[in-house]
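Below are the chains, spelled out letter by letter.
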Amino acid sequence: MDLRTAVQLGVIGLTFFMLINASALLVLAERKIMGFMQQRFGPYLVGPHGLLQPLADILKLLMKEELRPKGADKWLFTLAPILSVTAAFAAFSTVPWGAETTLFGLLDQPVKLGAADVNVGVLVVFAITSMGVYGIVLAGWSSNSKYSLFGGLRASAQMISYELSYATALAAVILLAGSMSLREVVDAQAGSWLGVLPRWYVFLQPVGFIIYMIAGVAETNRAPFDFPEAEQELVAGYNTEYSSVRFALFPQAEYINMATMSAVATDLYLGGWHGPFLPPAYGWIWFLAKVGFILFAYIWVRWTVPRYRYDQLMTFGWKWLFPASVLNLLVTAALVLYFNA
Amino acid sequence: MPETLLFYVLAGVAIAASVLVIGQRNPMYSVMLLIASFGALAGLYIQLDAPFVAVAQIIIYAGAIMVLFLFVVMLLNAPQEDAAAWDRAHPLRQPGVLTFGTLLAALLIVELVWALGRTLGLAAPVAGRVGPATVSSVRELGRVLFTDHMFAFEATSVLILVAMVGAVVLARREEDR
Amino acid sequence: MIPLNHYLIVSAILFTIGSAGVFLRRNLITILLSVEIMLNAVNLSFVAFGRAAGDVNGQIITFFVITVAAAEAAVGLALVIALFRHKESLNPDAFTSLRW
Numbered sequence: 004m005d006l007r008t009a010v011q012l013g014v015i016g017l018t019f020f021m022l023i024n025a026s027a028l029l030v031l032a033e034r035k036i037m038g039f040m041q042q043r044f045g046p047y048l049v050g051p052h053g054l055l056q057p058l059a060d061i062l063k064l065l066m067k068e069e070l071r072p073k074g075a076d077k078w079l080f081t082l083a084p085i086l087s088v089t090a091a092f093a094a095f096s097t098v099p100w101g102a103e104t105t106l107f108g109l110l111d112q113p114v115k116l117g118a119a120d121v122n123v124g125v126l127v128v129f130a131i132t133s134m135g136v137y138g139i140v141l142a143g144w145s146s147n148s149k150y151s152l153f154g155g156l157r158a159s160a161q162m163i164s165y166e167l168s169y170a171t172a173l174a175a176v177i178l179l180a181g182s183m184s185l186r187e188v189v190d191a192q193a194g195s196w197l198g199v200l201p202r203w204y205v206f207l208q209p210v211g212f213i214i215y216m217i218a219g220v221a222e223t224n225r226a227p228f229d230f231p232e233a234e235q236e237l238v239a240g241y242n243t244e245y246s247s248v249r250f251a252l253f254p255q256a257e258y259i260n261m262a263t264m265s266a267v268a269t270d271l272y273l274g275g276w277h278g279p280f281l282p283p284a285y286g287w288i289w290f291l292a293k294v295g296f297i298l299f300a301y302i303w304v305r306w307t308v309p310r311y312r313y314d315q316l317m318t319f320g321w322k323w324l325f326p327a328s329v330l331n332l333l334v335t336a337a338l339v340l341y342f343n344a
Numbered sequence: 007m008p009e010t011l012l013f014y015v016l017a018g019v020a021i022a023a024s025v026l027v028i029g030q031r032n033p034m035y036s037v038m039l040l041i042a043s044f045g046a047l048a049g050l051y052i053q054l055d056a057p058f059v060a061v062a063q064i065i066i067y068a069g070a071i072m073v074l075f076l077f078v079v080m081l082l083n084a085p086q087e088d089a090a091a092w093d094r095a096h097p098l099r100q101p102g103v104l105t106f107g108t109l110l111a112a113l114l115i116v117e118l119v120w121a122l123g124r125t126l127g128l129a130a131p132v133a134g135r136v137g138p139a140t141v142s143s144v145r146e147l148g149r150v151l152f153t154d155h156m157f158a159f160e161a162t163s164v165l166i167l168v169a170m171v172g173a174v175v176l177a178r179r180e181e182d183r
Numbered sequence: 028m029i030p031l032n033h034y035l036i037v038s039a040i041l042f043t044i045g046s047a048g049v050f051l052r053r054n055l056i057t058i059l060l061s062v063e064i065m066l067n068a069v070n071l072s073f074v075a076f077g078r079a080a081g082d083v084n085g086q087i088i089t090f091f092v093i094t095v096a097a098a099e100a101a102v103g104l105a106l107v108i109a110l111f112r113h114k115e116s117l118n119p120d121a122f123t124s125l126r127w
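Chains as they are written, first to last, in the working numbering: chain A, 4 to 344; chain B, 7 to 183; chain C, 28 to 127.
If we strip away everything but chain A, and leave its shape as in the complex, we get (with noise of 0.2 Å):
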C-alpha cells in the first residue's frame, strides 16, 4: 500500500472520528448554550466548566439495562437504530470539507480532503437522508405500542414532506453551478465581486437558503418543527421503549443529521472552505468555523422559538415551503438562462 493511499483511508477515517466526535461535542454544546440563554451555567461539575459532560453521558448511557417489550418484532426492534445512524454517518460520505492537500510536501499529487468525490454528489446526500426515514418508522412501528406507532408515522411523513422543498432548493443551487459534484459547487464559489463580497451563493440565492435551512431543519426534526420528538413530553414518541445503546444511537443519528445537513449548507450556500487570510490548504478551518456558527444557529432557534402544532408543520411544508421553492427554482432557471444566453 503506498503513501497516498494509505493517506486517503486515514482521510476517511479522520471524517468519521469528527463526526462521532461532533456528536459528543454537541450534546454539550446543546446543553450549554440553552444553560446560558437562560441564564445559567450548563453542566458544570463534570470536568472543568462541564467539559467531560458527554463523557458521563455515555458512560451512563451504556451501563443502563438493555430493554426490549416483549411484544416487539425482534429483528426490527434493533434495526431501526441501525438504519437510523448508518445513513446519518454514510450521509456525510460525499461532503468535501477541505481543499487539496499535498500534506506539507509529502505527497507528489495532492489529496482531496473528503471521503469520496463523486460526480453526483449531492444527490447521494440527499439519498441517503430519505433512507434515514426508515429507521424512524421501524421504530415506532416494532415498539408495538400506540403512541410509538403514531409518533414514528407522524415523524417520518414530516420528513418526507420537507424532503421535496429540500430537493428543489438543492436543484437552484445546482443550476447556477451547472454541477451535481459537491466539490466543484464549492469551487465554484471561490474568488469575489469587487473585492469585498465573497461570490457565495446565498447572496445569489437569499431565499433558497432561508428554504434549505427550513427545511433542514425540518428534515432533522428539530427545533420548532419536533413536535414528533416532544411528544415524549406530552404522550410518548417513536423512541419511548428504548433503552441504553439502542436509545443512545437515536440523539446520536440526529446530531450527526444535523451536522450533514450544516455541512452541505456551507459547501451549497457559505462557500466551504473559502475565505480571507487563509492558504487554501488550510481552508479546513474556515470550514469548521461556517459549519459551528450554523450548528449554533440550531441550537439558538430550537430554544428560542416555540414548537409547532403538527398540522401548521404540514400545512406550513406543503402550502407555502414548497410553491416557494419551486418558485426559487423557477426564477433561478429564467435568470440563468437570461444571463448566459
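Please note: incorrect hints may appear among the correct ones.
Simulated crosslink set (SDA-like; lysine to any residue; CA at most 20 Å straight-line) [unchecked claim]:
id : chain 1 : residue 1 : chain 2 : residue 2
1  : C       : Lys114    : B       : Glu180
2  : A       : Lys73     : B       : Tyr35
3  : A       : Lys115    : A       : Met21
4  : A       : Lys115    : A       : Ile288
5  : C       : Lys114    : B       : Asn83
6  : A       : Lys322    : B       : Val171
7  : A       : Lys73     : A       : Ser148
8  : A       : Lys149    : B       : Leu81
9  : A       : Lys67     : A       : Phe250
10 : A       : Lys77     : B       : Leu39
11 : C       : Lys114    : B       : Val171
12 : C       : Lys114    : C       : Leu125
13 : A       : Lys35     : A       : Arg7
14 : C       : Lys114    : B       : Leu81
15 : A       : Lys73     : B       : Asn83
16 : A       : Lys322    : B       : Leu114
17 : A       : Lys73     : A       : Ser247
18 : A       : Lys149    : B       : Leu82
19 : A       : Lys63     : A       : Val30
20 : A       : Lys77     : B       : Gly29
21 : A       : Lys35     : A       : Leu48
22 : A       : Lys77     : A       : Met21
23 : C       : Lys114    : B       : Val175
24 : A       : Lys149    : B       : Phe77
25 : A       : Lys115    : A       : Val14
26 : A       : Lys77     : B       : Asn83
27 : A       : Lys77     : B       : Leu167
28 : A       : Lys77     : B       : Thr105
29 : A       : Lys149    : B       : Gln30
30 : A       : Lys115    : A       : Leu12
31 : A       : Lys77     : B       : Gln30
32 : A       : Lys77     : A       : Asn147
33 : A       : Lys322    : B       : Gln30
34 : A       : Lys322    : A       : Ala160
35 : A       : Lys77     : B       : Val175
Don't read these hints as lab results, they were simulated from the structure.
Once you have looked at the hints, place chains B and C on chain A.
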C-alpha cells in the same frame, strides 16, 4: 477480478433478497428485504456506469415508494392468524400446488439461464465497445431527455398528477349521507 | 469485464422470481411487491443493453419505468386500502362478489 467479485456479491444479494421477499409471511419483512434488493440493484447500476439511475433508484424506489408501502402495511395491520387459517383451507395453497408452482418457476429460471448463456452475440464484455464518458454524463442524459423525449416527459408529469388525484379519491372514506 | 449476458441472466432470474410471487402469493401487498421486482428486473435489462450499445436511451427509458412504477404503486395501494376497508381481508380470493 474485484469487479467480478463485486458483481457476484451484488447479484447474489439482489436475488436472495427477492426470493426471501416472496417467501415471507410478514409483509413488513418483505418490504425491508425488497429495500435491500433495491440497494444491491443500485450497486449494479453503478457498475454499469449509470450513477444517476442508481441514485434515482435509491431516492425514488427505496426512499419514496417503499415508504408508501410501509405506511400502508402499518396502517392496515391485517391480522395474521386469519390469513393463516384461510390459506390452509384454500385449494390453491395445498402443498402440492405450491410445490408445482415453485418447480415451474425453477424450470423457467434454468431454461432462461441456459438460453441466455449460450447466446454468442451477447457475450462481449459490457464496457468493451464504448467508453463510459458518453453514457454516464448527466448533462447528456438531461439534454436527450428534454429534447428527444420531451413529449414523454410532459405526459409523465400529467400521469403523476392523475395518479395523485386518483390515489386520494380512491382511499377516501365513504361520507355518511 | 463482465459479459452482457451475465446481467441479462440476473434480470431474467429476478423477473421469474417476481412473476412467481404474483402467481403464488395470496396477499395483495406481496403481489404488488412482486410486480415491483419485475419492473426492477426490466430496468436492469434496459441499463445493461444501453451500456453495451453506448446509448443513453437505456437510462432514459429506466427513468420513465421508475416514474410509471411510482404512479402504479400509489394507485394500487389506494385500491388495497379501499378494498381492505370493505372486507377486512388482504386475500385476493375474498373479493368474489362479481363472480357468477
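Structure versus earlier hints - violations, ascending order: 11, 13, 16, 22, 27, 28, 29, 33 and 35
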